[in-house]
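Residue numbers (the UniProt record's numbering): 1 to 271.
These are computed hints drawn from the structure, not numbers from a lab. What you are looking at is a predicted structure, and each value in this text was computed from that prediction instead of being measured. Positions of the beta carbon are idealized from the N, C-alpha and C atoms, including for glycine. Among these hints, one or two may not hold up.
Unchecked claim - Beta-carbon label-pair distances, calculated as ranges:
| # | residue 1 | residue 2 | range |
| --- | --- | --- | --- |
| 1 | Q57 | G31 | 23 to 29 Å |
| 2 | Q46 | P259 | 35 to 41 Å |
| 3 | Q57 | A252 | 37 to 43 Å |
| 4 | S40 | D129 | 42 to 48 Å |
| 5 | T90 | G31 | 14 to 20 Å |
| 6 | N71 | D135 | 15 to 21 Å |
| 7 | P259 | M41 | 28 to 34 Å |
| 8 | S72 | Q45 | 32 to 38 Å |
| 9 | I258 | E33 | 15 to 21 Å |
| 10 | Q65 | Q267 | 42 to 48 Å |
| 11 | Q53 | S79 | 21 to 27 Å |
| 12 | K269 | D129 | 35 to 41 Å |
| 13 | P94 | Q64 | 24 to 30 Å |
Stated by the list, open to error - The calculated lysine-lysine pairs, modelled on DSS-like cross-linking and capped at a C-alpha distance of 27 Å, are:
| # | residue 1 | residue 2 |
| --- | --- | --- |
| 14 | K228 | K269 |
| 15 | K260 | K35 |
| 16 | K228 | K83 |
| 17 | K83 | K70 |
| 18 | K231 | K269 |
| 19 | K269 | K76 |
| 20 | K228 | K76 |
| 21 | K83 | K132 |
| 22 | K269 | K83 |
| 23 | K132 | K231 |
| 24 | K269 | K132 |
| 25 | K76 | K35 |
| 26 | K260 | K228 |
| 27 | K132 | K35 |
| 28 | K83 | K260 |
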Amino acid sequence: MAKSHIIGSLALPLLLAGCQAVNTTSGGAVGVERKQYMFSMLSEQQVNQMYAQSYQQTLSEASQQGVLDKNSADAKRVSAIAKRLIAQTTVFRPDAGSWAWEANVIDSEELNANCGPGGKIIVYSGLIDQLKLTDDELAAVMGHEIAHALREHGREAMSKAYAVQMGTQLGSLLGAGNESLQLANTGVEYLMTLPNSRANENEADLIGLELSARAGYNPNAAISLWQKMSKASEGAPPEFMSTHPSSSSRIASLQAAIPKVMPFYQQAKGK
Numbered sequence: 001m002a003k004s005h006i007i008g009s010l011a012l013p014l015l016l017a018g019c020q021a022v023n024t025t026s027g028g029a030v031g032v033e034r035k036q037y038m039f040s041m042l043s044e045q046q047v048n049q050m051y052a053q054s055y056q057q058t059l060s061e062a063s064q065q066g067v068l069d070k071n072s073a074d075a076k077r078v079s080a081i082a083k084r085l086i087a088q089t090t091v092f093r094p095d096a097g098s099w100a101w102e103a104n105v106i107d108s109e110e111l112n113a114n115c116g117p118g119g120k121i122i123v124y125s126g127l128i129d130q131l132k133l134t135d136d137e138l139a140a141v142m143g144h145e146i147a148h149a150l151r152e153h154g155r156e157a158m159s160k161a162y163a164v165q166m167g168t169q170l171g172s173l174l175g176a177g178n179e180s181l182q183l184a185n186t187g188v189e190y191l192m193t194l195p196n197s198r199a200n201e202n203e204a205d206l207i208g209l210e211l212s213a214r215a216g217y218n219p220n221a222a223i224s225l226w227q228k229m230s231k232a233s234e235g236a237p238p239e240f241m242s243t244h245p246s247s248s249s250r251i252a253s254l255q256a257a258i259p260k261v262m263p264f265y266q267q268a269k270g271k
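Go ahead and model the full structure; you've got the sequences and the hints to work with.
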């Protein structure tokens with residue numbers, strides 16, 4: 001075997017040595033158990049702090065533009081639904097109860113919502129109003145986004161980016177040729193990045209489904225939500241769909257999981 005191939009084959013194990021295999025949440029009734037690789041030098045606290053600064057900047061800019069919505073019916077709905085969903089997050093990770101959660105609405109035609117690291121939620125009014133979301137459907141969106149934060153998918157994505165960068169630098173330092181560098185990058189991409197990106201969406205769907213059911217929102221609303229999303233994407237795809245593609249397989253996965261979480265919904269409604 002050529003020297004460059006030997007170096008290239010060693011790069012990935014050395015690279016993965018800088019990562020820690022963790023499971024950020026319990027599996028719940030929906031059974032999310034995938035181990036995640038987090039870059040050991042990129043802590044949860046660092047990522048949360050970085051995102052909190054960005055979040056506050058976004059809110060400040062929205063306030064200056066007069067579009068930070070604190071008092072409308074949409075804002076009150078988002079606040080009430082967030083409170084119920086957040087109360088259930090400790091089922092998946094106990095420390096989430098001590099997060100500095102925030103939920104805000106920005107008055108915009110954009111069809112989008114997100115929940116960043118550390119529990120920073122933004123919902124754009126266009127998503128609620130243009131899709132005419134019910135409370136159950138809005139809970140499905142917000143539960144999905146909260147699940148991304150609970151699973152630390154943002155830190156996971158950053159860890160992957162760091163790993164690719166370090167792999168390239170390591171290969172260069174060790175004198176690997178272009179072919180070996182390409183091999184290392186391809187290995188990282190297929191072993192880490194591509195499978196996890198698909199897995200992340202499925203995990204957020206499933207955990208979000210259970211969160212909303214436990215909070216007393218009908219889990220069947222997740223199906224009508226994605227049907228509405230799919231219809232909205234037939235023209236110019238909304239921003240939300242660029243990172244949350246709807247598909248028949250996604251809806252099928254949700255339908256298969258609904259019986260697992262329906263007892264939580266029925267129990268919550270019976271209180």
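Which numbered conditions among the earlier hints are violated in the structure presented, ordered from lowest to highest?
1, 7, 12, 13, 18, 25, 27
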